[in-house]
Amino acid sequence: MRRWGIRKKVLVVTLVPTLLTTLLLGLFFTYSWVKNIENLLNDRGESLSRQLSAGAEYGLFTANRSLLSSLSTALLEEQDVRSITFFDRDGQRLLHSGPGSTETIPASALGSERPVKLSSDSSTRFVTPVYLQDLMIETMLDPDARESATELAEPLGWVAVEMSHIRTEKETYQALLISLMLVVGGVLLSLLVSLRLSRAFTDPVFQLNEAVAKLKEGKLDTRVYTQAGPEFEQLESGLNEMASELSQAQAEMQQNIDQATGDLRETLETIEIQNIELDFARKEALEASRIKSEFLANMSHEIRTPLNGIIGFTELLLKSPLPRQQRDHLNTIRKSSEILLTIINDILDFSKIEAGKLILDRVPFQLRDIVEEVMVMLAPAAHAKNLDLVPLVYNDVPDNIMGDPLRVKQVITNLVNNAIKFTQTGEVVLRASLEDEDKEANRVTLRLSVTDSGVGLSRAQQQSLFNAFSQADASTARQYGGTGLGLAISKRLVEEMGGEIGLESELGRGSTFWFTLTPELSVTGEGSFSREALKGERIIYLEHQKTTGLAVEHLLREWGVAVDRVASPGALMEQVEEAQRRQEGYAVVLLGITRHLLNSSQYCSLVRSLEVERDCRTLLLTPTLETHDLPLSGLASGHLTKPVCRDPLYDELLLLIHGIHTGRGTLPQPVPGTRTSGAGRVPRILAVDDNEANLKLVMTLLKDCRLDAESASSGFEALTKARQKPFDLVFMDLQMPGMDGVETTARIRALDSGSHQTPIIALTAHALADEQEKLAKQGFDGYMPKPISSAQLIELVREFTGYECSGSQPRFKISEVRDTRRGLRPSNRRTHQDCVSIDESIQLAAGKADLAEELFSMLLEQLHTDSKAIPELWEKRQLDVLLECVHKLHGATRYCGVPELRTATNRFETALKCQAQDLEIQKDQLLTAMARLQDWSEQTDWQQLFREQHQPATSPQA
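Per the numbering used here, the sequence shown starts with residue -15, numbered consecutively.
One should not assume that every hint holds.
Label pairs and their in silico Cβ distance ranges [said to hold, decoys possible]:
id : residue 1 : residue 2 : range
1  : Leu179    : Gln35     : 36 to 44 Å
2  : Asp422    : Asp724    : 44 to 52 Å
3  : Ala555    : Lys423    : 45 to 53 Å
4  : Asp736    : Phe279    : 29 to 37 Å
Simulated pairs of lysine to aspartate or glutamate, DMTMM-like, Cα-Cα distance not exceeding 20 Å [unchecked claim]:
id : residue 1 : residue 2
5  : Lys198    : Glu220
6  : Lys907    : Asp919
7  : Lys758    : Glu788
8  : Lys758    : Glu220
Bear in mind the hints are in silico, worked out from the structure with no lab data behind them. Predicted model, so just to flag it, every value in this text is computed and none were measured. The C-beta atom is built at its ideal place from N, Cα and C for all residues, glycine as well.
Whole structure, please, built from the sequences with the hints as guidance.
Okay, here's the thing in C-alpha cells:
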C-alpha cells in the first residue's frame, strides 16, 4: 500500500468498510426474512394438521367418508394447502383430496404416536395422529387426566396435510432480489461518495505535481492556486514562494555564469599558450631522452668493447702455464674487470627501468635451482670470510613456477651479496617459504628473506636505502664499495613482478631483507625426479655450523632418511661402534667441518678410523677450497662443498650407499642443431669485428677449438669473403664504420640459396633495448653480448653447426667433483675383525719385525694380482682354478696378522670345497676384506709401524 496513490487509498478506505457492512447487513436480513417465511409455513402446516386431526376424530372413528371429504374440501381452500390424506389405524389410506403425489409416506411416520414432518423439494407433509377424546366432564375439567388418557389410547388414524412451497419460494426470491438491490444501491452510493472525496484530494495534488514539473522544466514563472482548503493553501504558498526564489536565483546565477565564462575564456587562452610551450618542452625532453639512450648505448659499446678484450685475453693467459705471482696479477685484473662490468650492468639496468623498456620473461623454472645456483656462485666470497652460507627452502614451497628466472636470480644475488659484504662473522641464511595459496587461480605467494648477522642499519639509513645511488655510508671514508643501485634495481624488479620488498634491521644486530613473489604454478614444468632410493637409511651427522646442519638434516628427513646428530668426534666414534655392535651400523657418516679444521690431525685420524677400521663410508662437507690438496678429501669416500645442493648430495649418497651412479654432471653429448656442417667435417666460421682486440680474441677462441676460422675487419671485407665461399657460421659485430652489421647481414642473406642459409650471430655491447627481438627482426639467428665468454662461444658453435669442439672442457659443477682413485663399497653395518694386527704379524714371524714386514709386503703384492684374478675366474665359472688361487691366498694369510682376510679366505675355501649355497656371499666378503686391506695399506705408513716394533724398548728412566 505504500506505493498506492492517494485516489486508490481514498477509494479503498471508503469503499471497503461500506461494502463489508452492507454485505453483512444484507445477508443477515435476507437470511432472517427467508427463515421467517419457512417458519411461517411450518407453523401453518402444524396448526392446520392439528385442527384437521381434532375435526376428523369422529369421521375416522365412524369411518364416515363424506364427513372427512367435507373437512378436506373446506381445508383445501386454505392458502398453500396442496392435498389432504386420511389413514386408518392400520395405515391404509381412507381418503385423499387434492392432486396426487408419487411420494409415499413411510410406515415409520404412520406408526408414530407424535406429529411428523416430511419435507421434499416441492412440498412439506405434516402427519398427525388422531386420538379418541374422552368427553367426560371430569376429564374435560382436568387437562392432565385428559392427556394421560390420550397417551393410553391408540390412535384412530392419521391425517397428512401437504403444504406447497411455491408461494414460499416466490417470497424467498423476492426477498433476495430486494436485498441485492439494496446492497448494490448502497455500494453505488458509497462509490460515488468515494470518487467525489478522492477527487477532492487528488485534483489539488495533480495540480501541484504539474506545477512542480513545469518548474523542473525551467518555467519559473509558474504559479498554482487549487482552492482546496487551508492545508493545500499552505503548500501552494510555499511552492509559489520557492518558484519566486528560484527565479531570482537563476537570474543571479546567469549573471555569475556570464562572468565566469568570460574569465574561463581568458584562462583557456592562457592554457593554450602554455600547451604550446609544453609541447615544445616535451619534444625537447623526448629528444634529450633519445640522446641519453643513444649515449648510454654508445657508452655501453665503448666500455664493453675494451672490457671484452681485457677479460677474454686474461682468461686465455690464465689457461697457460704461468708463475704464481703473474697468475695472481691476472686474477686481480680479471676480478677488477668483472667488478667494472657489474657496475656498468647496474647502470644499464637502472636506465632500462627508468626508460620503461624492461621486459620480463614468463617461462617455467625451478626455484630451488635458482637458489642453489646463487649460493654456489657466492659461496667462495662467504667462505673467504668464514661465514656460514645456508639456503633453507621449506617443503611446502612449490618448485615449478612461472616467471623471469634471470630477474629473480638477480634480486636474490643482490641481497645475498650485500649480506655477505656487510657481515664479518656469523652466517647468512636465505629462507624461502609459502605465505598463501590460491588454488582457483593456480597462484601462490612466496616470501624469500636473507638474514645476516652483520652490522645492521639505523632507522635513518633504512628510510633511504632503496633510493637510487643511496648507500648506508656515503662518506669518502666508507668501508664498503658499490654504486648504490643494487637495492633500487631490486625494488623496481620485485614491483614489476607484482611483489613487495622490505627489510627489518637493528643497528649492531644484523638485518633481514625480504621480498615476495606471486607467481603462477607451472603445469608443464619438469617435476623433480623420485628420491625414494634413500628411504629408511640411517646416517650419522657431525656439523660445527648449526644452521647448515639444520638445512642438511631437513633435506635428509624429507627424503625419508633417519638422521642422528652428534656434537663431537668422540661421540661420533662411540655411536658408530655401538651401532655396529648391534648389527645396525650407519650407511654413511656426514662430517661437516669449518675452514680452520681442514688440516686437523684429529679429524684425519677420525676419517681414517671410520674408513679403514670401521669400514664406514664418510662424506665430507667443507667450505669452498682454494686448493684440492686436502688430506681429508683423500681419506674420505666422498667430498662436497658447502652450501650443500640437493642433486649433488643425493647423487653422492646414492653412490656411497648403493654404488649407483646417476650420470648427472657428465660430459655433454653433441646435440645436432637445425643446421649441421656435415658429418665429421670441421665447420667454416667467419668472425667480423672492426676492433682489433675483439677480433683477435674471437679468433683465438675459435682456433683453440680447432675450427676453420677466418676474420674480417669491416662489413665490406666480410661481404667479399662471403661471396667467395659459403660459411657455416658468422659472428657479426653490429657497430662498424661504413657498412654496419645490420646492412652486412642483409646483403649476406641475399647471397643465400635454398639449400644453404648462413647462420649469423650478432656480437653487440648494447644493452638498453630489447636486443633479441629487435635483432631477430633484422635477420640475425642469435645474440651474444660482450664481453664474450668461451663457454658461450662453444655452445653457439655446437648449437648451429652440430660440431662438438675438441677444445671444450667438461662442464662439471664444483660440488660434483669427486675423488675417483679407488672403488667404493657400501658401509659395513656390523662389527668385524681387525683388518691388520702388527703384533700378531711379528708373533707369526717368530718375533722378527723385519721378516714380518717382508711377509706383509709379499701378501700385498699377491693381493694386487688376486683382486683382479678372483672376479675373472668367478665370472668364467672356473671354480677349480679359483679354489687353487684362494688356497694360495689362504696360506699366505697364515703367516701375516690379517685376521679379517684370513677368516674370509678360510670360509670361501671351505665353501668352494663343499659347493655351499652361499658361495657368492662368501666371495663378496672375501673381496671386501681384500679391498679393506689394500685401503689400509694405502692410507697407513705400515713400514714405520713394523720398524717401531723392531726398535728395542727404552727404559722408563729414559
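Cross-check of the supplied hints:
1. Against the hinted window of 36 to 44 Å, the Cβ-Cβ separation of leucine 179 and glutamine 35 comes to about 59 Å, which falls outside the hint.
2. Between aspartate 422 and aspartate 724 the beta carbon distance is about 50 Å. The supplied range of 44 to 52 Å therefore holds.
3. Remark: the range hint 45 to 53 Å for alanine 555 to lysine 423 is upheld by a beta-carbon distance near 46 Å.
4. At roughly 36 Å, the beta-carbon separation of aspartate 736 and phenylalanine 279 lies within the given 29 to 37 Å, and the hint holds.
5. A hinted pair counts as satisfied when its Cα atoms are at most 20 Å apart, and lysine 198 with glutamate 220 qualifies at roughly 15 Å.
6. The suggested pairing of lysine 907 with aspartate 919 holds, with an alpha-carbon distance near 18 Å, which does not exceed 20 Å.
7. Proximity of lysine 758 to glutamate 788 is assessed by CA-CA distance (about 29 Å); at most 20 Å being required, the pair is judged violated.
8. For the proposed pair lysine 758 and glutamate 220, the alpha carbon gap of about 78 Å is over 20 Å, so the pair is violated.
Checked against the numbered hints above, the structure violates hints 1, 7 and 8; every other hint is satisfied.
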